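There are 2 protein chains.
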Amino acid sequence: MSELRQDPTTLDWVIIAKNRSKRPDEFKKNELKKIAINAYEETCPFCIGNEDKTPKAEAVYGDTNGKWNIRVVANKFSALTPDGNTKREEWKLFRKIHGYGRHEVIIETPLHNEFIPFMSDDHLKDFIIALRDRYHYLKKDPNIKIIIIFKNHGENAGTSLGHPHSQIVASPVVPPYIRRKFEVATQYFDNTGRSLHFDLQKAEIEDGTRIIDNNLNFVALHPFASHFPFETWIMPKIHKSSFGSISDNEINDLTGVLKGILLKLYKSLNDPDYNLIIHTAPVDDERKEYYLWHIEIIPRLTQVAGFELGSRITVNTALPEETAAFIRNFKI
Amino acid sequence: MSELRQDPTTLDWVIIAKNRSKRPDEFKKNELKKIAINAYEETCPFCIGNEDKTPKAEAVYGDTNGKWNIRVVANKFSALTPDGNTKREEWKLFRKIHGYGRHEVIIETPLHNEFIPFMSDDHLKDFIIALRDRYHYLKKDPNIKIIIIFKNHGENAGTSLGHPHSQIVASPVVPPYIRRKFEVATQYFDNTGRSLHFDLQKAEIEDGTRIIDNNLNFVALHPFASHFPFETWIMPKIHKSSFGSISDNEINDLTGVLKGILLKLYKSLNDPDYNLIIHTAPVDDERKEYYLWHIEIIPRLTQVAGFELGSRITVNTALPEETAAFIRNFKI
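So the protein lines, in turn, are chains A and B.
This note's numbering puts the first sequence at residues 42 to 373.
This note's numbering puts the second sequence at residues 42 to 373.
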């Protein structure tokens, strides 16, 4: 017996496969393997002392006597680069644009083995401030239409470099996936005069079974139509379309929520690989009230297969109510 | 220097990352490992002689004296099952349906180690006929809105069972991804009076650089906006929306194309993990001329990461013109 649930923000469907479902702690994959990593690796381009192995810093945070906490550099293997133009070329049905844009790496720490849950609050605050600063810097370019901030932790999440880092891609095109999220939210606003994401947040809080953290400025939850086991959304309670509008006060609260969630995942599932994504409005849609910026954390515990690739319906082998209770009650 | 290319069938964008790109033969992952597998595994529920380990057969092909070539059974861990109804339940923004539908397994061969490229032509023909038969059987149920046929080959493609098999999911909902593909094709038809997929096929043939096989009834290619390295499309030349309409004559030609492509992938990339998906119109849209059924083969050579999850823009580290030339010229 399974259940089809619909993600109200995209209208995508999820099959919650109860008969295939595992208990939350069965997703624990291996013994904690990463604690033994050294603080410094000679060959790592992101370790302190190895700054000459990366392009020059675009920005540095916590700089004291040549030491730093956070360092922002262009990605050495940038997917997009700020040269040329964004003119479309077309032959018959083949449409292309030169790969214009930016691709930056935020080195989160000078230490090879300092993961987010173990950073000091001030350090983590600086990290979020750095992301906000880069967002504002990159959006100055009128060719940039959307800014995607993300983190790949672990090989199954698509990273080859173990040193803690995040990435920013500033893209000259808004993809249809994000257009559709905006359409769904706009339609809802036109029908009700209210924000879809805000109503969703209120409904999740009223229901309560999927909430894992809740403070003055943020609520964290495993959404009703979770596409993946332990998928986590962190939603702000003050309504803003753009991550760029996050206030210092909100950053304080976000720091605590983020650390708490990542520490619980680290301990309860033995440092799972995960992706973290900041969803934010396209740059030209920042003033619209229909959208709510938010963070999604996707642990990479299962493999997407042919059914998902063919339909974009995901099969989730965990009940979000059960995984949320497991994380909520997990004692650090 | 990279390039943004747009998939004309979905309007999704792909970053072709030339500076990160590998030569086609660099995607070869390991020594050929699977040839040493036994023809029979005692614990495998799909091997001949172990029929009691699966639900009873829904259909059998090539049955002679208790031997069979192809066996269709319900998936023991079905994501959807044909019980209950498809009534929607709703509370606030949470919408769900009982997991109604069908989930079948097509066991492609009695032998544990007989992959598609090594099957006889007649055996492979029976396999495609079996898929067509199941399609027609499953669509009789008026609650079924779309039928997804797919194959997961190898662990990275999401399978845990090594014995060659495919799967069919008959779903009571049409997902937004497929709705959008239809919208894009319908809009094109309304603007031009022609089929988008057919025009695309003609443009690919005229360009020629990405074609890997071409016979009377089918053309195979690495599409202009390939999302993944070695992504392969097999498109029919006779215009039909639904895979269910494939003729015996077309099946003959498809057999050859499919064997050839899978054999070249097997030999040139050392048996890569892959997904194979049959894209077909929703059951209620079969008569519409705007869509063209086709097959997609996605080798799982790279890992989807945070950027892809956040934007659905994919980064492809291979040039489809190069991979197509590599496969086209590969001597078996």
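Calculated directly from the structure, the hints in this document are not laboratory data.
Here the structure is a predicted model, which is why all the values come from computation and not from measurement.
Please note that a few of the clues may not be correct.
Remember, identical chains collapse to one label, so a pair may be satisfied in a single copy or spanning two.
Taking lysine-lysine pairs in the DSS-like style, the calculated list, with each CA pair at most 30 Å apart, reads [unchecked claim]:
1. LYS243 with LYS281
2. LYS329 with LYS181
3. LYS59 with LYS108
4. LYS108 with LYS329
5. LYS329 with LYS63
6. LYS281 with LYS94
7. LYS59 with LYS181
8. LYS372 with LYS186
9. LYS308 with LYS117
10. LYS137 with LYS243
11. LYS97 with LYS329
12. LYS97 with LYS133
13. LYS70 with LYS180
14. LYS133 with LYS308
15. LYS281 with LYS308
16. LYS133 with LYS186
17. LYS278 with LYS94
18. LYS94 with LYS59
19. LYS94 with LYS70
20. LYS166 with LYS94
21. LYS108 with LYS243
22. LYS180 with LYS329
23. LYS329 with LYS278
Intra- versus inter-copy proximity for LYS180 and LYS70 (alpha-carbon distance at most 30 Å):
Neither way: LYS70 and LYS180 sit 40 Å apart in one copy and 39 Å across, limit 30 Å.
Should LYS59 paired with LYS108 be assigned to within, between, both, or neither, using CA atoms and 30 Å as the limit?
neither (51 Å within a copy, 35 Å between copies)
At 30 Å max between alpha carbons, let me know whether LYS278 reaches LYS94 within a copy, between copies, both or neither.
neither (41 Å within a copy, 52 Å between copies)
Checking LYS372 and LYS186: alpha-carbon separation at most 30 Å within a copy, between copies, both or neither?
So LYS372 and LYS186 fail the 30 Å test inside a copy (42 Å) and across (45 Å) alike.
LYS281 and LYS94: within-copy, between-copy, both or neither at 30 Å Cα
neither (38 Å within a copy, 55 Å between copies)
At most 30 Å between alpha carbons: which applies to LYS329 and LYS278, within, between, both or neither?
within (16 Å within a copy, 46 Å between copies)
LYS329 and LYS181: within-copy, between-copy, both or neither at 30 Å Cα:
Within one copy only: 18 Å inside, 46 Å across.
Within a copy, between copies, both or neither: where do LYS94 and LYS59 come within 30 Å Cα-Cα?
between (49 Å within a copy, 22 Å between copies)
How would you label the pair LYS243, LYS281 (within, between, both, or neither) given a Cα cut-off of 30 Å?
within (16 Å within a copy, 46 Å between copies)
Under a CA distance limit of 30 Å, which applies to LYS97 and LYS329: within one copy, between copies, both, or neither?
neither (36 Å within a copy, 56 Å between copies)
One pair to classify: LYS180 and LYS329, alpha carbons no more than 30 Å apart. Within, between, both, or neither?
Within one copy, since 16 Å is at most 30 Å while 43 Å is not.
30 Å Cα threshold - placement of LYS243 relative to LYS137
Cα proximity of LYS137 and LYS243: across copies only (18 Å, versus 42 Å in one copy).
When each numbered hint is compared with the structure, violations occur for hints 3, 4, 5, 6, 8, 9, 11, 12, 13, 14, 15, 17, 21.
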